[in-house]
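Student: Sequence:
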Amino acid sequence: MPRIPVQTVDTAPHGSREIAGKLKKKVGKLLNIHAGMASSPAVIGAYDGFSSAIAEHGTFDARTKEAIALAVANQNDCGYCQSAHTLSGRAAGLSDDQILAVRSGEVDFDPKLEAITAVAREAAANTGYVSDPVWQAALDAGWTSEQLAEAFAYIAENLFTNYFNHYARTDLDLPAAPEIAA
Numbered sequence: 755m756p757r758i759p760v761q762t763v764d765t766a767p768h769g770s771r772e773i774a775g776k777l778k779k780k781v782g783k784l785l786n787i788h789a790g791m792a793s794s795p796a797v798i799g800a801y802d803g804f805s806s807a808i809a810e811h812g813t814f815d816a817r818t819k820e821a822i823a824l825a826v827a828n829q830n831d832c833g834y835c836q837s838a839h840t841l842s843g844r845a846a847g848l849s850d851d852q853i854l855a856v857r858s859g860e861v862d863f864d865p866k867l868e869a870i871t872a873v874a875r876e877a878a879a880n881t882g883y884v885s886d887p888v889w890q891a892a893l894d895a896g897w898t899s900e901q902l903a904e905a906f907a908y909i910a911e912n913l914f915t916n917y918f919n920h921y922a923r924t925d926l927d928l929p930a931a932p933e934i935a936a
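Taking the numbering used here, the leading residue of the sequence shown gets 755, the next gets one more, and so forth.
It should be emphasised that the hints constitute simulated quantities derived from the structure, not laboratory data. Be aware that a few hints might be false.
What the hints assert, rightly or not - For each label pair, taking beta carbons as the anchor points, the in silico distance ranges come out as:
1. L893 with F863: 35 to 45 Å
2. P759 with V781: 17 to 27 Å
3. P865 with T813: 12 to 22 Å
4. P865 with A936: 17 to 27 Å
5. H811 with G882: 14 to 24 Å
Keep in mind the model is a prediction, meaning the values are calculated, not measured. Positions of the beta carbon are idealized from the N, C-alpha and C atoms, including for glycine.
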């Protein structure tokens with residue numbers, strides 16, 4: 755059971771309604787994660803700030819952004835975000851097998867994607883610390899220092915949503931992500 759009430763656009767505090775309405779329009783419904791965030795204008799505003807900055811200034815393609823999100827969500831054991839990003843990962847062109855590979859940390863289908871998801875996974879696991887060998891592997895794979903700096907924005911946005919789901923105990927209102935074979 756969620757700890758934070760699930761709002762609608764109409765029941766959310768006044769300061770949350772505009773962003774909640776925008777998210778509902780974008781997705782087609784107000785997802786439980788956004789409906790919980792809408793309980794606090796500060797929370798939904800912070801999320802919107804991350805998302806807006808990335809939309810305006812980010813340079814990564816959808817496939818890369820979704821791979822980072824899947825890697826971070828798996829590292830943090832966030833079932834909600836693994837489910838949400840399985841759907842958006844498919845829309846970004848990742849196959850189901852590729853999605854499972856990213857989630858499990860076995861990205862053998864794209865060396866560049868393998869390197870950036872290793873950075874994301876390690877940063878998420880180690881409070882932002884990334885070892886020199888993993889960082890260098892990303893540079894060797896073709897990522898620039900500027901792109902690795904930008905990757906932090908995607909990692910941080912996903913940490914925010916992962917932690918919110920754990921904190922709020924968000925109920926899943928999407929198809930569950932497939933289990934990863936042991």
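Student: Work down the list of hints and note, for each, if the structure agrees.
Tutor: Evaluation of the provided hints:
1. Range check, L893 to F863: Cβ separation about 21 Å, and the 35 to 45 Å hint is violated.
2. Taken as a hint, the range 17 to 27 Å holds for the pair P759 and V781, whose Cβ atoms sit roughly 19 Å apart.
3. Against the hinted window of 12 to 22 Å, the Cβ-Cβ separation of P865 and T813 comes to about 19 Å, which satisfies the hint.
4. Between P865 and A936 the beta carbon distance is about 25 Å. The supplied range of 17 to 27 Å therefore holds.
5. A beta carbon spacing of about 20 Å between H811 and G882 agrees with the range 14 to 24 Å that was offered as a hint.
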